[in-house]
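The whole structure should be built from the sequences, with the hints applied where relevant.
2 protein chains.
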Amino acid sequence: MSKGSSQERALHMFDSTLRDGAQAEGISFSVPDKLKIVEALDDMGIQYIEAGNPGSNPKELDFFAEAAGLELKNSILTGFGSTRRRNIPVEEDKNVQSLLKASTPAVAIFGKSWDFHVTEVLQASLDENLNMIRDTLGFFKERGKEVIFDAEHFYDGYKHNPEYALATLSAAVEGGAGVLCLCDTNGGAFPDEIYEVTALVKKQFAGNPHIEIGIHCHNDGGMAVANTMMAVDAGATHVQGTLNGLGERCGNANLCTIIPNLQLKKGFQCIFPDQLQKLTQIAGYASEIANVKLNERDPYVGKSAFAHKGGMHIDGVSKASKSFEHVDPAEVGNERRFLMSEVSGRSNILSRIQSVVPSVKKDSPETEGIIQRLKELEHMGYQFESAESSFKLLVHKHLGKYQPFFKLGYFKILGEQPRSEKASSTAMIKLAVDNREEITAADGEGPVHALDKALRKALEIFYPELKKVHLTDYKVRVLDTKSATASKVRVLIESTDGDDSWTTVGVSPDIIEASWIALVDSIEHKLLKDMEKKMRVFM
Amino acid sequence: MSKGSSQERALHMFDSTLRDGAQAEGISFSVPDKLKIVEALDDMGIQYIEAGNPGSNPKELDFFAEAAGLELKNSILTGFGSTRRRNIPVEEDKNVQSLLKASTPAVAIFGKSWDFHVTEVLQASLDENLNMIRDTLGFFKERGKEVIFDAEHFYDGYKHNPEYALATLSAAVEGGAGVLCLCDTNGGAFPDEIYEVTALVKKQFAGNPHIEIGIHCHNDGGMAVANTMMAVDAGATHVQGTLNGLGERCGNANLCTIIPNLQLKKGFQCIFPDQLQKLTQIAGYASEIANVKLNERDPYVGKSAFAHKGGMHIDGVSKASKSFEHVDPAEVGNERRFLMSEVSGRSNILSRIQSVVPSVKKDSPETEGIIQRLKELEHMGYQFESAESSFKLLVHKHLGKYQPFFKLGYFKILGEQPRSEKASSTAMIKLAVDNREEITAADGEGPVHALDKALRKALEIFYPELKKVHLTDYKVRVLDTKSATASKVRVLIESTDGDDSWTTVGVSPDIIEASWIALVDSIEHKLLKDMEKKMRVFM
Chain H
599 MSKGSSQERA LHMFDSTLRD GAQAEGISFS VPDKLKIVEA LDDMGIQYIE AGNPGSNPKE
659 LDFFAEAAGL ELKNSILTGF GSTRRRNIPV EEDKNVQSLL KASTPAVAIF GKSWDFHVTE
719 VLQASLDENL NMIRDTLGFF KERGKEVIFD AEHFYDGYKH NPEYALATLS AAVEGGAGVL
779 CLCDTNGGAF PDEIYEVTAL VKKQFAGNPH IEIGIHCHND GGMAVANTMM AVDAGATHVQ
839 GTLNGLGERC GNANLCTIIP NLQLKKGFQC IFPDQLQKLT QIAGYASEIA NVKLNERDPY
899 VGKSAFAHKG GMHIDGVSKA SKSFEHVDPA EVGNERRFLM SEVSGRSNIL SRIQSVVPSV
959 KKDSPETEGI IQRLKELEHM GYQFESAESS FKLLVHKHLG KYQPFFKLGY FKILGEQPRS
1019 EKASSTAMIK LAVDNREEIT AADGEGPVHA LDKALRKALE IFYPELKKVH LTDYKVRVLD
1079 TKSATASKVR VLIESTDGDD SWTTVGVSPD IIEASWIALV DSIEHKLLKD MEKKMRVFM
Chain Y
599 MSKGSSQERA LHMFDSTLRD GAQAEGISFS VPDKLKIVEA LDDMGIQYIE AGNPGSNPKE
659 LDFFAEAAGL ELKNSILTGF GSTRRRNIPV EEDKNVQSLL KASTPAVAIF GKSWDFHVTE
719 VLQASLDENL NMIRDTLGFF KERGKEVIFD AEHFYDGYKH NPEYALATLS AAVEGGAGVL
779 CLCDTNGGAF PDEIYEVTAL VKKQFAGNPH IEIGIHCHND GGMAVANTMM AVDAGATHVQ
839 GTLNGLGERC GNANLCTIIP NLQLKKGFQC IFPDQLQKLT QIAGYASEIA NVKLNERDPY
899 VGKSAFAHKG GMHIDGVSKA SKSFEHVDPA EVGNERRFLM SEVSGRSNIL SRIQSVVPSV
959 KKDSPETEGI IQRLKELEHM GYQFESAESS FKLLVHKHLG KYQPFFKLGY FKILGEQPRS
1019 EKASSTAMIK LAVDNREEIT AADGEGPVHA LDKALRKALE IFYPELKKVH LTDYKVRVLD
1079 TKSATASKVR VLIESTDGDD SWTTVGVSPD IIEASWIALV DSIEHKLLKD MEKKMRVFM
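Protein chains in written order, with this note's numbering: chain H, 599 to 1137; chain Y, 599 to 1137.
Simulated from the structure, these hints should not be mistaken for lab results. Don't take each hint at face value.
Each pair may be met inside one copy or between any two copies, as identical chains are not told apart.
Claimed, not checked - Think about it this way: if two alpha-carbon atoms lie no more than 20 Å apart in a straight line, the pair counts; the simulated SDA-like pairs of lysine to any residue are:
(1) 692 to 656
(2) 1010 to 1024
(3) 1086 to 1018
(4) 920 to 713
(5) 920 to 999
(6) 864 to 929
(7) 891 to 1070
(8) 891 to 807
The structure is reproduced here in structure tokens:
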């Protein structure tokens, strides 16, 4: 398998987040959403932005009208549509008319390359399909558009009828296509097939220097990224994909994986280097706009992508980062994290203690004490790898540096059915700060919500800064489920004050108690953080 | 690139969910969790189950002691450990001793194949590393174990020093390894590299018919599945991975993708065919136990894997399913879903309704009503896949065939801190059966435990058969975690009466209410079941 030298070839990236990505389950972009993503892709230096299918619904044309006002610095806005319907003149096809109205400088036209699709799905003759491709591309070419041909089901089509699949590409060239993009539409192809077929097509059209070969992969076999890499090895220079791999069914090839694979390891420039260093941030931004959670295990940009848990891995990375990391996380704007856990080693725990209190040494008696306490807590079901703030408080408490910010008198929570309309639980709480007592109550949806509200209500009198704090995430894990409703639960709470966010943990067989522990840690973390900030100002 | 015919070669699947999978961020398996996963893997027909690293922490040995009592039908339980430390006799190495104590019939020993790791991380001489491999494998081989050598960082090592990388494999063979498993530990290798290097190793050891070549990939470049497929093409017959791709950083090669890729498309038998048809269910079960959400876009088993949204795709699939599906979803126990269509999954729902009440027909008015109600409930967060009993009750209620077994007057639960020694919550309940009222109370660990006890105490007076019922599992999943402590929760309760076991579900923003719904369903299921049994006797 021979590879073209990357230095000889430029690659053109083609993003379809707003078109194929929008066909993912649960995704629906508004016009402002789409404009934001176009701007981010333009900043990155993506060559083509396929921003919608104007024929599919009228909202799309509103978007293209607005997008025409954007002054893109780097990207070419691209509309998407199909070849004309069978047996009608191209200019009478409604989808073709809509696509023309979108007024984009480039168009991507998909057509059928699998004979079975032509006869069974389109119910057209094989010749008529070639005419449809030729006519439709020609229509846009004559009107000065850059034309990309998406050869739908090319790899499956090639397997069943190679002559016909190649004939559809020739028809596209006759119509004026500049790019022949080979699509694995069903996403089931294997890397070796992709390599062989792409190399063959590349060779077939090698005589025409104006024709580029492109690749468009889906992830139904879990191989979209690898298939894309193999197509590039075989000579494809136009690379289609979506941010975070959004797309129909299992998604499209993930550009947030493909770009660093090509740019850091194969020497191609896909996007501006300073943008590559922001890739983690861009992926997060795109997933926020799409309103889907970014997969923590996503390569390069996921929260866990450089998270080390096994003791030997942590030890190795501490000695030499390349020992357990394929790239430096900073190159994609991500960061290395050492997770606390029973499988992580002592040197890791020490460095975590030192990040809280730098003066602690490896053989200080405190170190042994903290490690001992940590192990006891983990045995009880605590987990600190995602609850940094509870760990920090634990260290402070153990070093005797810690003064509680309030003292609980008691709380009582009443949950009842039949419930009132707006609340099913009521909490009463009595607490004291510097010997000043406060008693109050609140109601809410369930016992923890009511308790959370009552606790804040009482404390905000003494600590008004707590008004800025709110909870952003609440997770419950039942440990050892065999004890059924008396099982231990672990509660993780994520809080924010607008500037920072932090996570705390509590464990108990009683979900109220577990939540209480995590809630108190969250509030104490905030107050301790603010106190430390004040002390630094005075020092 | 030539491929070995699949018919000539058997593959051996090696699952590391409980070892490498447990090194994933946020994953912590209890001993009962691990036993459940071992049983599921054994049912599937996975050849090797790597179930833990006995040297890493003492909890692991408890698990192996319990696991020894399982009578596995198909799988070989495998312990994991490293080569001995440098410059000590193998029998004095603590990790080696722990692994021996685990008493598994097979062991997987990892050793360094990258010279840089030997000198920089282990700080051993290159020769001493070869001794460490030979000694450690030999130690277990002499004690009758089947020995697998995990050649850590083999592909990176081979790139830097091919002679040394191969020398580590030869040392493993001298030690008695039956499998040389080549690991892409950092997960950054490309499919063509994997193919070339694996083919070369395969050739190197082709003279020894007792040596199998294995593959172990990580997903840091997003190519773990494809890399595994390429290694199999190159002659690897031992395939390592994890359920749902759980694993350190970006995860391991996902067996739930690899197995159908190999079995449906390459003609290998990896697991029992009837188990492949349950793969979606198995993936869901594993993710429930790990308490992580299964990625909806996961190939084959994800909720969206066969979900069609684009109008043209729906049209195409309706005309011919292979037009936009690489395999038939039924082959992996998944189902086709048309997202934009009113008729989604209708025939599937109908067959589930008929399993409860066979007389219901496709166009009965009840069918429409039940489907409507089901959709509403699923929209609220209900999930009936693992709560058949709640689904059955829903059908009964809708057909008007159902008489409630009791009527709730009210319940009130008091949770408080400071808590008493044995209980933190008290529940009062008043209910009526046939106009006879009962009021009682109970205390317990947390509100749900107290409520569960009080409810049973009151009902057992009327239905003594409930004394045999107890809860065996209690799971809580926070849906939409962003609403923090007011987020909706889904509670799943598993109950048994010694003869059968059944699962029920409840959803509410209040965990007490969600648990109440599931508890009531559980009790009504039991009473309904007993009543049906009596009726059959009289009929």
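How the hints compare with the structure:
1. Only within a single protomer do residue 692 and residue 656 lie at most 20 Å apart by alpha-carbon distance; the minimum there is 12 Å, versus 70 Å between protomers.
2. In the homo-oligomer, the alpha carbons of residue 1010 and residue 1024 lie at most 20 Å apart both inside one protomer (8 Å) and across protomers (11 Å), since each shortest distance falls under that limit.
3. Taking the closest pair of Cα atoms, residue 1086 and residue 1018 come within 20 Å of each other only across two copies (17 Å); inside a single copy the shortest separation is 29 Å, beyond that limit.
4. Taking the shortest alpha-carbon separations for residue 920 and residue 713, only the inter-copy value of 13 Å comes in at or below 20 Å, while the best intra-copy value is 49 Å.
5. Taking the shortest Cα distances, residue 920 and residue 999 never come within 20 Å of each other, neither inside one copy (38 Å) nor across copies (66 Å).
6. Within a single copy, residue 864 and residue 929 get their C-alpha atoms as close as 14 Å, which meets the 20 Å cut-off; across copies the closest is 38 Å, which misses it.
7. For the homomeric pair residue 891 and residue 1070, the shortest alpha-carbon distances inside one copy (14 Å) and between copies (18 Å) are both at most 20 Å.
8. Taking CA atoms no more than 20 Å apart as the test, residue 891 paired with residue 807 passes in neither setting, with 43 Å inside one copy and 48 Å between copies.
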